[in-house]
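Chemist: Okay, here's what each chain looks like letter by letter:
There are 2 protein chains.
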Amino acid sequence: MSEGERFLVVSHVDPDGDAIGSTLTVGHLLRLLGKRAVMANASPVPAKYRELPGAEEIVRPQDLFDEPPFERVIAVDVADEDRMGDCRSLVAPDARLLNVDHHRTNTRFGTHHLINPEAAATAEVLYDWIESMGIKWTKPLASCVYTGLLTDTGGFRYSNTTPAVMKRAARLLECGVDAPRIAEQVLETLTIGQLNLLRRALSTLRLSEDRRIAWMWLTLQDFLEAEAGEGDLDGIVNYARNVIGVEVGILFRQLKSGAVKVSLRSRRWVDVSEVAGFFGGGGHARAAGCTVAGARDEVERRVLERVAEALGR
Amino acid sequence: MSEGERFLVVSHVDPDGDAIGSTLTVGHLLRLLGKRAVMANASPVPAKYRELPGAEEIVRPQDLFDEPPFERVIAVDVADEDRMGDCRSLVAPDARLLNVDHHRTNTRFGTHHLINPEAAATAEVLYDWIESMGIKWTKPLASCVYTGLLTDTGGFRYSNTTPAVMKRAARLLECGVDAPRIAEQVLETLTIGQLNLLRRALSTLRLSEDRRIAWMWLTLQDFLEAEAGEGDLDGIVNYARNVIGVEVGILFRQLKSGAVKVSLRSRRWVDVSEVAGFFGGGGHARAAGCTVAGARDEVERRVLERVAEALGR
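Taken in sequence, the protein lines are chains Z and B. For the first sequence, the positions run 1 to 313 when full-length UniProt numbering is used. For the second sequence, the positions run 1 to 313 when full-length UniProt numbering is used.
Bound conformation, chain Z alone (with noise of 0.2 Å):
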C-alpha cells in the first residue's frame, strides 16, 4: 500500500456527538474501502461515547508525532482549522485536506470540500455521502451516523429536526441502530460532577417576582467541592430556564479571575444575545453568555436590569 493511502480522520477539540460519530463514520468508510484510517483527536473522547463502534481506536495527536505527517486528511464538523487543536501538526503542508461540514461559518480550509449549510449534522452530510455512492449500511456505520444526527438535533427536539433527518433517521434504525441504547449512552449519563453541581445550582434557585426570569450561581468553592470541572456544567443552566412560566435561565458562575460567567437562555421570544452582546458577549438568541467583572451582587443585579428590559418591564 502506497503511503498516499494512509488517510488521517480528524474533527474538533472537546468533541460532542456529531464530532465523534463523524470520525468514526469516516473511519469505518475508509476501511469499507480498503484504505488505511488514523483517527485522532486532540481532546480524549468523552466517557459516553466511548461505546461507540470503533471509539477505542481513536488516539490522541501526541500518539503520532512520531510518525511521518499526513498527506491524506479528512476533517469532519472541523469550521475553523484552528478548531483541531494539536491535531493540525499532524496534517502534511502539502496534504489533501477534504473538508466534511455543516457550520454556514466554515472557512472552507482543505483542498476540497464536501460541505452542506443546510444539513443539521455533519452526519447529514455523511448520510448523503454514503447514500450517493451506493454503499451499503452496516450496523457500525449506521449507528455513528444516528449518533450525530441524535446529538446535533438535541434529541430531534432542536429547529434543525427537519422530515428529512426524521425520515434519515428511520431509514438508519431499519439498518439496526440500537436507538435506545444509544440514546442512554449519550443522552443520559451523569457524572458525579455534573449531579453535585446540579444539586448546588439548585439550591440558589431564584425567581423575579413576575417568575419570568429564573436565575442561580455556582461558586469557585462548589467546583472544588463538587469535584468538577467546566465539563461537567453541561445542561445545568436549562434547569432555570426550564421552570415553569420562565422565560430567561441564567447561570452565574465565579471564575478565577475573579469575573463572573454569565449564561443565557430563553424559551421562545427573547433575544438573550443582545443582552450578552451589552456585556460583550454573544451568542444566539436562545442560547448567549458574556463575562461581566464586579462584585457578585452587583454584576446579577446589572444582568437581571437588562433581562427586565429585555421582557419589556
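Hints are computed from structural coordinates only; laboratory data are not their basis. Heads up, some of the hints might be wrong.
Where chains are identical, the list cannot tell them apart; a pair therefore holds if satisfied intra-copy or between any two copies.
[Unchecked claim] Result set (DSSO-like, lysine-lysine): computed pairs, CA atoms no more than 30 Å apart in a straight line:
| no. | residue 1 | residue 2 |
| --- | --- | --- |
| 1 | K167 | K139 |
| 2 | K167 | K48 |
| 3 | K48 | K139 |
| 4 | K136 | K35 |
| 5 | K48 | K256 |
| 6 | K48 | K35 |
| 7 | K136 | K167 |
| 8 | K139 | K35 |
Here the structure of chain Z is known, so what remains is to put chain B in place on it, guided by the hints.
Modeler: Positioned in the frame of chain Z, the structure of chain B alone reads:
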C-alpha cells in the same frame, strides 16, 4: 342535528401526552367530520399540555353531570374502563363506545374496537386511521398526534421507537408541526416542586462500593418543605440510574403509612421486576416498584442486598 351525533371523547385519569394528544386528535377529527364533540377527562389537564390546540376545551365530568349521558363515546388510550374514572358516569348504559388503544392489556370493553398492540402510542393508531380515511392533515391535528408519538416513545428514545414511528413523525413535521415548541412544552417543563424534590433527593445520593447501585431518599418532610406532590416525582429516580457506570438506580420514599415506597430502574440487563416481585411489587424489567414495611435503615439494607444479589455478587 340529532342527539346521536353528540360525541363524548374520553381518556384515562392522570392523563399523559398520549391521552391528551389522542383526546384532542379525535375531537379535531369529529369536528372536521361535522360532528359535535365534547372532550372530558376525570383529572385536570396537566399544565404542560395546556397549549395544545383545543386543550382549553377539555372539561371535567362534573361539568357535564346536568346533561343527559352520551350515546356515542370514543375512549382513547384507555386499557380498562375503570381508568376513565368519574367520566364513566357520563356514558349511557346502551352507548355505542369505540375503544381506540395500543395497550396489550386492553380489556376490549365497549362495542367497537380499534386496537393495535404493535403501535407505539394510541396516537399512532389514530395516525393510521386518519391516513387510511384519506383525511387531509391540518396543523392542529398533526400537532396532537405528534405529541402522543413524542411522549409515549420518551422523546424517540424508548425501544418502541420503530422506523415506522420515525417515518410518521417525519410526515407530521411536513404538515407544519412545530417540533421544538412541542418538545419544549411537553418534555422540558419543570415545576418548582420538582426542582425542590430533585435537589433534596440529589443531596442524599449514595453509591455502592462497586458503583453499580445508586440510591436516594425522600422523606415526608421533604415533600412538605418542597411544597410538592406525587406528580412532582416524575423522572427523579432516573437521576440515580443515569450516574455513569450505574446499573440499578433506586428511589426510596417514605409514605404516610410509615412504609417505604421503592422505585427501581435498571440500565441494561438487571430485571428489577424480580427484585420488586420479591417484596410483593411488580413492573417491567427496567422499571419496577414495591412498598416495603419497616424502619428506614432496615428497608434500605434489605432492598440493597436483593439488588446486589440480582447483580450477581
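Chemist: Taking the hints in turn, state whether each one holds.
Modeler: Here is what the structure says about each hint:
no. : hint           : verdict
1   : K167 with K139 : both (17 Å within a copy, 19 Å between copies)
2   : K167 with K48  : both (25 Å within a copy, 27 Å between copies)
3   : K48 with K139  : within (19 Å within a copy, 37 Å between copies)
4   : K136 with K35  : within (17 Å within a copy, 50 Å between copies)
5   : K48 with K256  : within (28 Å within a copy, 39 Å between copies)
6   : K48 with K35   : within (28 Å within a copy, 52 Å between copies)
7   : K136 with K167 : both (17 Å within a copy, 21 Å between copies)
8   : K139 with K35  : within (19 Å within a copy, 49 Å between copies)
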